[in-house]
Amino acid sequence: MLKWYKEAANNSDVIISSRVRLARNLKKYPFSIKLNDQQADLLVQEVGEAGKVLVTQTNKKYNFCNVNVLTDIDKIAMVERHVISPLLVEKEQSTGLILSEDEKVSIMINEEDHLRIQSVTGGMNIFEAFKTANLIDDITSELFDFAFSEKYGYLTSCPTNLGTGLRASYMMFLPALTVAGRITQLAEELGKYGIALRGTYGEASKSYGNIYQISNQKTLGSTEKEIIERLNRIVEQVMRQERRQREYLLTNSYDEIEDKVYRSYGILKYAKQISSADAMALLAQLKFGADMELIHIGQNYNIHELMMNIQPGNLQYQLDKAISSTQRDKFRADYIRKALPNIV
Amino acid sequence: MLCDRCKKNEAQVYYTEIINGEKTEQHLCEECAAEYTSFHMGTPIMNQELTLGNLLSTILGNYGGTAQEKGNAQTELHCDNCGMTYSEFMKTGRFGCENCYESFHTLLDKSIRSIQGADTHTGKKPKKYEVKTKDIINELSEIDKLSIQLQDAVEKEEFEEAARLRDRIRALKKEEINNA
Chain A
1 MLKWYKEAAN
11 NSDVIISSRV
21 RLARNLKKYP
31 FSIKLNDQQA
41 DLLVQEVGEA
51 GKVLVTQTNK
61 KYNFCNVNVL
71 TDIDKIAMVE
81 RHVISPLLVE
91 KEQSTGLILS
101 EDEKVSIMIN
111 EEDHLRIQSV
121 TGGMNIFEAF
131 KTANLIDDIT
141 SELFDFAFSE
151 KYGYLTSCPT
161 NLGTGLRASY
171 MMFLPALTVA
181 GRITQLAEEL
191 GKYGIALRGT
201 YGEASKSYGN
211 IYQISNQKTL
221 GSTEKEIIER
231 LNRIVEQVMR
241 QERRQREYLL
251 TNSYDEIEDK
261 VYRSYGILKY
271 AKQISSADAM
281 ALLAQLKFGA
291 DMELIHIGQN
301 YNIHELMMNI
311 QPGNLQYQLD
321 KAISSTQRDK
331 FRADYIRKAL
341 PNIV
Chain B
1 MLCDRCKKNE
11 AQVYYTEIIN
21 GEKTEQHLCE
31 ECAAEYTSFH
41 MGTPIMNQEL
51 TLGNLLSTIL
61 GNYGGTAQEK
71 GNAQTELHCD
81 NCGMTYSEFM
91 KTGRFGCENC
101 YESFHTLLDK
111 SIRSIQGADT
121 HTGKKPKKYE
131 VKTKDIINEL
141 SEIDKLSIQL
151 QDAVEKEEFE
161 EAARLRDRIR
171 ALKKEEINNA
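Chains A and B supply the protein sequences, listed in that same order. Start counting the first sequence at 1; every next residue gets the next number (the numbering used here). Start counting the second sequence at 1; every next residue gets the next number (the numbering used here).
Hints may be right or wrong, so weigh each one.
Unchecked claim - Taking lysine-lysine pairs in the DSSO-like style, the calculated list, with each CA pair at most 30 Å apart, reads:
#1 B/K91 with A/K52
#2 A/K151 with B/K7
#3 A/K91 with A/K28
#4 B/K128 with A/K225
#5 A/K225 with B/K91
#6 B/K156 with A/K28
These aren't lab readings, by the way, just hints derived from the structure by calculation.
For reference, chain A alone in the conformation it holds in the complex:
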């Protein structure tokens, strides 16, 4: 079974992945901020058991782990691969994770809400992601009584998730709009339509490699389908703007851009040490060049996967030990040199 970042996908020149998250709480326990340590232990254990049921009712294999007993490197690596959230890592109470083998489905236990069901697919394929998350919700709602009211829908710890508990988001690669300095303006425009634009790792995070997250802000008053369709309409617009801007760049400064792309490849291929921020910026250039067919590095080569693998946590995860940041920069340069395909 292919992991999501290895799939060939729709519109992958602009859209890296589609993600859906459902927030759910068990009726029998208080919400996160009023949950005591003992209740947290019970919650994690109880929901963790549900992993076994998922195995029998879907065609995927799932693994369960207690997140708070993992090493820091493991945790950071998972955050970088978007399997878990930074908030889950920071928590001192018991926290858990049910993760499918292909990393497409995960359930975070005792995050801001008791359950955060997440499903992700490569490229623009959000209804597929929703279908999976919805199925997991159906199965888990047979096992647990979820906090729900006729009026407000699914009750969540924070009223901003109330109702459907649905956050649908796209991870978008927007190099041309970034170069044009259009991102801040875009974020403001999207805000008017109840759509949020954020950095790579969600709330308040910076964007690395010109990658942004675009998601719905409102969760109440519309059906799941309506929320997703509304987001899709906006995302299609953003996609069109990005592509237009790319064409504009190429018509006006083809030579400069081609030069930049090849220089990026050169540095990535021959650098002896490289920081993750530098590497991300260069890989973004390379991805842009490959998407626009300025440089040919093989059609199925997935630069985004490389972007995740060279993050500090994932590098150390592959080495299976913690290393200093200078050592890391050397190892990263080595890693990229070996992983980077030749120009065809």
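Following the hints, position chain B against chain A.
Just chain B, lined up with the frame of chain A:
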């Protein structure tokens, strides 16, 4: 500049009042401003740092009434189930349990609408609830069922369907009267 009213303290508030089109301007000190207007400089809301975290609770809080009423509400209003107080919620923007939505509902409706743009869930329900809803619907009379459908059709602006339902309801009502 000294306060226009007490002429003792330094004026800190520039207060413009328009009553029946007549404009009066006053420079007031904090004390006089508080006394002669409903302006409270010292309320926690105004001194609070407007961080992103409490921006939400500020929106929620602003619907709770005036600053003074809120002071009272804060000491009284809490959730019986988890012990969450209103001021605690204002600080964190998070509820303590599902009952909080019930406990604070008097302050909640408008503020939820201002965050979410809506106040009623129309999406998915847990299966157990769907069964419950179906049971309730089954117990309804034919006319009640049709009335619900009619409302639904009007909301969706399906007027042909609405007209059909309206006629059907009329016919049924007539039948009922005839039978009686």
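The hints, checked one at a time:
A threshold of 30 Å between alpha carbons decides the hint, and for B/K91 with A/K52 the separation of about 39 Å lies outside it, so the pair is violated. Between the alpha carbons of A/K151 and B/K7 the distance comes to roughly 55 Å, so the proposed pair goes past 30 Å and is violated. Straight-line distance between C-alpha atoms of A/K91 and A/K28 comes to about 21 Å, which keeps the hinted pair within the 30 Å bound. For the given pair, B/K128 sits about 21 Å from A/K225 by alpha-carbon distance, which is consistent with the 30 Å threshold.
Pair hint A/K225 plus B/K91 does not hold up; C-alpha atoms about 33 Å apart against a cutoff of 30 Å. For a cut-off of 30 Å, the pair hint linking B/K156 to A/K28 is broken: about 37 Å separates their Cα positions.
Checked against the numbered hints listed earlier, the structure breaks hints 1, 2, 5, 6; every other hint is satisfied.
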